[in-house]
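Just so you know, the protein sequences line up as chains A and B, in that order.
According to numbering that gives the first Met the number 0, the first sequence is numbered sequentially starting from 0.
According to numbering that gives the first Met the number 0, the second sequence is numbered sequentially starting from 0.
You may find that some hints are simply not true.
[What the hints assert, rightly or not] Derived DSS-like pairs: lysine-lysine, alpha-carbon spacing no greater than 30 Å straight-line:
#1 K13(B) / K142(B)
#2 K78(B) / K321(A)
#3 K136(B) / K321(A)
#4 K318(A) / K56(B)
If you're looking for bench data, these hints aren't it; they were derived computationally from the structure.
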Amino acid sequence: MNWNQIRTVYGKEMRDALRDRRTLLSMLLVPALVIPGIMFAFTAVSLKVVKKAAEETPAVMIIGPGNSEPLQKALAGSPKLRLVPAASDYAQQISDKRIRAAVEIPPGFEADLAANSIATVKIYTYEGEMKSSFAAGEIDRILREFREAAVTRKLGERGLNASFVRPFEIKRQNVAPPEKVGGNLFGGFVPYLLIILSVVGAMYPAIDLTAGEKERGTMETILCSPVGRVELVLGKFLTVLTISLSTVVTSITSMALSAVGLVHLFAGKVGAGAKAVNAATGQQLPMVDPVGVLGVMVMVLPLAVVFSALLFSVSLFAKSHKEAQTYASPILFLTILPAMAAMLPGVELNAKLALIPVLNVSLIGKEMVSGSFRYDMMALIFGSSCLYGAAALAVAVRLFNRESVLFRT
Amino acid sequence: MIEAEGLTKVFRDKKRVEVRAVDGVSFRVEPGQIYGLLGANGAGKTTTLRLLATLLKPTSGAATVAGFDVVRQAHEVRKQVGFLAASTALYGRLTARETITYFGRLNGLGDPEIAVRTRRLTEELDMGEFIDRRTDKFSTGMKQKVSIARTLIHDPAVMIFDEPTLGLDVLAARTIVRFIRDCRERGKTVIYSTHVMSEVEKLCDVIGIVHGGRIRAEGTLDALRARFGQRDMEEIFVAAVGGESALARQDVPPATTR
């Protein structure tokens with residue numbers, strides 16, 4: 000192998016690619032501007048929405064308020080609810096978001112309570128709607144308190160202690176460190192993003208350096224020069240890989256910087272929000288392990304080799320940019336599916352899954368960003384990915400030696 | 000020196016039917032000689048030249064270029080050959096100088112040597128004004144000059160031209176024709192394909208008339224004139240391929256895969 004030739008080809012292709020506005024666009028501009036832009040906009044909007052939802056006092060209707068004076072009073076006493084007069088079209092009003100929830104006190108509620116027969120109080124909500132569930136949660140809390148008070152009162156009347164019906168308390172305690180919680184929440188997302196970025200980054204240069212060259216008529220020019228086919232493929236392939244990895248690195252750097260920027264910008268609000276979340280759920284805010292993220296980037300490296308070589312081979316077969324794009328899109332889907340499968344809850348890494356490309360890196364990545372490193376699995380996955388990469392590269396070299404591919408009509 | 004012996008190339012078309020694009024072609028070109036392959040579109044000219052330039056491998060037959068076998072010593076052959084075709088475009092995002100340097104390096108030349116040769120070629124081809132500009136903004140004539148410099152940077156012994164004047168205006172075409180004559184004067188072996196009769200008359204020492212993948216007639220212009228009893232090249236050509244009806248019947252699928 001002639002390393003000088005590989006270096007010459009690589010140098011020329013890199014220079015050529017970096018002068019191409021479209022390469023720069025996908026490699027630098029999109030990661031550096033679009034990603035932070037989306038992140039800022041998304042955070043700002045979602046913060047605003049959450050804040051607004053939390054601030055708004057939801058309108059709630061009591062159906063049959065006269066059926067229990069004390070319960071009606073308890074509900075009216077909550078500062079987090081705004082009561083509206085009863086109407087028969089409550090379901091429609093909830094759907095129209097004019098009111099957020101309704102609570103129905105059945106007739107004879109007080110009498111049933113006194114007679115120890117079980118009455119049912121219904122809460123009407125709009126499932127999946129945040130403001131509705133806030134309102135329903137508050138109603139639910141008041142109703143439970145009301146029920147507890149009734150139980151305590153009745154026990155007292157019979158001379159019994161409250162612990163008679165509550166012999167013990169239950170408390171849930173989280174032992175997972177915040178990295179683990181974060182790992183489980185968006186652990187699947189980090190490797191997914193890195194994998195997708197490496198494919199997206201490789202796509203344009205892979206097409207441009209093969210089908211693009213055929214289209215522009217420079218393929219014959221280079222093929223009749225004394226550069227070896229292997230050297231030519233490797234020089235071009237390394238260019239694709241470099242651009243692909245640069246896209247990953249710029250995107251990740253840009254995301255990390257945006258995240259830091261976001262925390263600073265929205266510090267007060269996030270802090271307050273986080274406190275509220277922590278108080279409400281008894282959990283800590285999730286985090287990811289930065290060493291793990293770096294580790295995932297290393298694991299993605301051989302995978303990027305596979306994609307670059309695969310995209311390279313497929314687009315070499317094509318005669319034009321357009322044709323190559325048609326062939327390349329299914330590859331993007333091939334990567335998205337297993338990467339998404341890894342985000343499903345309950346899919347856990349074992350030796351068999353460690354051999355499935357993309358899925359294996361996604362799964363180990365999930366563990367790595369949560370700060371747990373299984374070195375045997377990591378070695379197995381890295382090794383198998385390297386093998387796949389070598390195989391894909393061998394295919395590319397073989398194709399480059401076939402005149403039916405190079406001079407396809 | 001180029002020697003072809005029974006050179007044959009068989010393609011399969013989309014219906015898997017065999018097409019003999021080049022069918023047992025034999026010829027010989029000496030150094031300091033221009034050999035012209037004259038033929039209509041689809042006659043097999045491009046495929047023949049691609050076989051000589053090692054872009055394609057022959058199905059059967061053999062050829063040597065500057066003493067090297069086109070199949071077994073393809074790499075050596077490419078070092079000895081300058082290949083210029085209408086289909087060999089330039090890298091638009093590189094400057095003329097970068098393009099010439101790139102091909103110099105691929106041919107194993109050192110940078111100091113490339114610099115010296117580039118300076119000489121720039122003078123000879125009058126490229127001083129645009130040598131450091133990107134080629135995508137060039138006129139056809141400017142591009143043609145850069146292409147010539149690209150094929151000459153390693154001073155090859157053999158030059159292969161595949162319809163180099165195709166689509167060029169008169170001025171650019173004349174530059175090419177002058178350049179091909181220069182190559183002969185420098186003692187290079189030149190093979191050249193065209194369907195333009197007048198170019199053949201002006202340039203070629205030996206003419207091979209190709210039709211349906213075979214050489215139908217071969218010789219100097221005078222010999223061909225004597226053999227077919229015609230003065231005009233076009234008439235000679237039509238007679239050599241077996242009359243206009245044979246030309247019209249050329250439903251032989253195109254050998255070029257451009």
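Tested hints:
no.: 1; hint: K13(B) / K142(B); result: violated (35 Å)
no.: 2; hint: K78(B) / K321(A); result: violated (34 Å)
no.: 3; hint: K136(B) / K321(A); result: holds (24 Å)
no.: 4; hint: K318(A) / K56(B); result: holds (21 Å)
Figure legend: structure checked against the earlier numbered hints; hints not met, in rising order: 1 and 2.
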